[in-house]
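Line order of the protein sequences matches chains A and B. Position 189 of the first sequence, counted from 1, bears residue number 286 in the working numbering, the numbering being contiguous throughout. Position 112 of the second sequence, counted from 1, bears residue number 127 in the working numbering, the numbering being contiguous throughout.
Hints were generated in silico from the structure; no laboratory data involved. We put the CB at the ideal spot given by N, CA and C, even for glycine. Treat the hints loosely; a few may be bogus.
Counterexamples of contact, computed for chain B against chain A with all Cβ distances above 12 Å [said to hold, decoys possible]: (1) Ala31; (2) Glu91; (3) Gly102; (4) Ala105; (5) Arg110; (6) Cys115; (7) Leu118; (8) Phe122; (9) Glu173.
Pair ranges (Cβ atoms, derived) [claimed, not checked]: (10) Cys157(B) to Asp165(A): 55 to 61 Å; (11) Gly348(A) to Gly104(B): 55 to 61 Å; (12) Gly380(A) to Gly121(B): 49 to 55 Å; (13) Gly121(B) to Asp329(A): 21 to 27 Å; (14) Ser148(B) to Arg100(A): 31 to 37 Å; (15) Gln47(B) to Gly317(A): 55 to 61 Å; (16) Met16(B) to Val284(A): 35 to 41 Å; (17) Pro316(A) to Gln174(B): 40 to 46 Å; (18) Leu175(B) to Leu437(A): 33 to 39 Å.
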Amino acid sequence: MLRMPRFELLEPTTLEAALSALAERPEKSMVIAGGTDLLPNLKHELFTPERVVSLARIASLRSVRELDQGWLSLGAMLKLEEIAAHETLRRRYPALAQAASLVAGPQLRTMGTLGGNVLLDTRCQWYNQTYFWRQALGFCLKKDGTLCHVVEGGSKCVAAASNDTAPALMTLGAELVIVGPAGQRVVRIDDFWLADGAANKKLDPGEILVEIRLPPTTPGHRGAYGKLRMRDSIDFPLLSVAARVDLDSSGKVSHADLVIGALQARPVRIKKLDSVLAGVQTGGDAWKTAVSQAAELAYRQCHPMPNVPGDHEWRREMVPVYVRHTLESAVRGDGPVHGL
Amino acid sequence: MRILKLQINGDLHELAAPDHWTLLEVLRYSLQLTGSKQGCDKGDCGACTGLVDGKPVLSCLTLAATAQGHEITTIEGLLPAHRRAGGEGADPIQRAFDRCGALQCGFCQPGMMLSARALLSRNAQPTRAEIRSALSGNLCRCTGYTQIFEAVESAVCEQLGVAPKPRAWETPSPESGS
Chain A
98 MLRMPRFELL
108 EPTTLEAALS
118 ALAERPEKSM
128 VIAGGTDLLP
138 NLKHELFTPE
148 RVVSLARIAS
158 LRSVRELDQG
168 WLSLGAMLKL
178 EEIAAHETLR
188 RRYPALAQAA
198 SLVAGPQLRT
208 MGTLGGNVLL
218 DTRCQWYNQT
228 YFWRQALGFC
238 LKKDGTLCHV
248 VEGGSKCVAA
258 ASNDTAPALM
268 TLGAELVIVG
278 PAGQRVVRID
288 DFWLADGAAN
298 KKLDPGEILV
308 EIRLPPTTPG
318 HRGAYGKLRM
328 RDSIDFPLLS
338 VAARVDLDSS
348 GKVSHADLVI
358 GALQARPVRI
368 KKLDSVLAGV
378 QTGGDAWKTA
388 VSQAAELAYR
398 QCHPMPNVPG
408 DHEWRREMVP
418 VYVRHTLESA
428 VRGDGPVHGL
Chain B
16 MRILKLQING
26 DLHELAAPDH
36 WTLLEVLRYS
46 LQLTGSKQGC
56 DKGDCGACTG
66 LVDGKPVLSC
76 LTLAATAQGH
86 EITTIEGLLP
96 AHRRAGGEGA
106 DPIQRAFDRC
116 GALQCGFCQP
126 GMMLSARALL
136 SRNAQPTRAE
146 IRSALSGNLC
156 RCTGYTQIFE
166 AVESAVCEQL
176 GVAPKPRAWE
186 TPSPESGS
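Extracted from the complex, chain A is given alone in its bound form (with noise of 0.2 Å):
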């Protein structure tokens, strides 16, 4: 069995008790929302706290508020079952919601939040072990050590971003409401991240993220989510495939976006993506090219590391496989893609 190290819990019903709670120790404190990240990490005794703050009994934090100008505002809290099952998400951000559907297994939904998600710790198959047995092998960069297992020399640590609603978030231009000791800020999805395993985030000891918010779609917004995972259900994705395509009134693709996850500390966004997809016709023979050429640039782009568990060439290799199935899908308004 697995016991935890010793902490001290608390259990705020509100934000500011929250947050004053973290600032009497911030670096000694952590957040905890659904706790399916972070009880298998305190575990494995890959943090040890002294204080834990519990965001559960904060109802403020699980709220859906549609804001000025079309916003849509999705409180930290909750949970990735909600989201899957939510009709306005699945029927306007579409690869959010197909996205928190993949996550894991229905007891880790029912458990699990949206925020949390965002802010899973990144994953390594030389990290997320226990202390026993990462001593046997010799400290990584991300804890404890100085070298890396994944990437021979490696100077920086490349554990792969595996959470699922991100690189969704990131295709739907995402704001993230954070809330610290000097206040509120409002970042960009995009511009959340560090290109670093060890800390991909730009999130300080003490702050804690209490909303996302969803810029305004078209009707002519498509989005599907696509995960390649081992057992189709419960794992962690090997690979991850957000996709948008905004299509005009007359059927042509006006913008189209994807990104990559699980691949390395960062989702990954793939590059001139417009260049073979703008303009383009859905539904016939150029769509058909497009999605291709679209798949090309992804595999030439996207280079899987042996940094989480599944063979990495494999992974590659089914890179245009996803890519080419959740473009599709998102135009045709289905998915999620999973398991081919």
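Start from chain A and add chain B according to the hints.
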């Protein structure tokens, strides 16, 4: 150490436990409710599945204190809850697992039955795909999934009052000519 008040299987339990204990540790080591199994203990296997307010959660990843104020059901509470609701014998899901031989070593069974109970309570007529999806967070390392899915379907048939589908070996094969 703190005093916890936990509503488990219809009873209010008051007990002392450290802040860092999980619900599973409290269930097994404070209350001797050992029906919830400690499998992987890190959220992979589903053997510790319990119901919190009717929804399946992993008790190994739930801090005991955060379960206060919620209605917790473990496998020990399934039969009493069925009886309190006016039913006879065990919960239909338990009887179906028995009828269909839906176990080998039995370690995954409490979690399987609670996930199935949560499914049937919100969806009285699930398809095979919905059953597979609802049980996808519960691993059976004996890999006896077929009988488990059949058991859930059998419980559905019983609840609806219709005859269950014949099982795979009860259907005459085309080659036998019968």
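Structure-based check of all given hints:
For Ala31(B), the non-interface assignment is confirmed: its Cβ lies about 14 Å from the closest Cβ of chain A, beyond the 12 Å cut-off. Interface exclusion of Glu91(B) from chain A stands, the closest Cβ pair being 19 Å apart, more than 12 Å. Residue-level check passed: Gly102(B) sits 25 Å from the nearest beta carbon of chain A, beyond 12 Å. With 12 Å as the threshold on Cβ separation, the claim that Ala105(B) sits away from chain A holds: the shortest Cβ distance comes to roughly 23 Å.
Every Cβ of chain A is farther than 12 Å from the Cβ of Arg110(B); the closest lies at roughly 23 Å, confirming the non-interface assignment. Non-interface status of Cys115(B) relative to chain A is upheld: no Cβ of that chain comes within 12 Å, the nearest being about 22 Å off. Here Leu118(B) stays apart from chain A, with its beta-carbon at least about 20 Å from theirs, past the 12 Å limit. With a least beta-carbon separation of about 14 Å from chain A, Phe122(B) lies farther than 12 Å from that chain, consistent with its non-interface assignment.
With 12 Å as the threshold on Cβ separation, the claim that Glu173(B) sits away from chain A holds: the shortest Cβ distance comes to roughly 23 Å. The supplied range of 55 to 61 Å is met by Cys157(B) and Asp165(A), whose beta-carbon atoms lie about 56 Å from each other. For the hinted restraint 55 to 61 Å between Gly348(A) and Gly104(B), the CB-CB distance of approximately 59 Å keeps it satisfied. The hinted range of 49 to 55 Å is satisfied by Gly380(A) and Gly121(B), whose Cβ atoms lie roughly 53 Å apart.
Taking 21 to 27 Å as the suggested C-beta distance range, the pair Gly121(B) and Asp329(A) conforms, at roughly 25 Å. For the hinted restraint 31 to 37 Å between Ser148(B) and Arg100(A), the CB-CB distance of approximately 32 Å keeps it satisfied. The beta-carbon spacing between Gln47(B) and Gly317(A), approximately 60 Å, falls within the hinted interval of 55 to 61 Å. Roughly 40 Å separates the CB atoms of Met16(B) and Val284(A), a value that falls within the hinted 35 to 41 Å.
A hinted range of 40 to 46 Å for the beta carbons of Pro316(A) and Gln174(B) is consistent with their spacing of about 42 Å. At roughly 35 Å, the beta-carbon separation of Leu175(B) and Leu437(A) lies within the given 33 to 39 Å, and the hint holds.
In summary, this structure violates none of the numbered hints.
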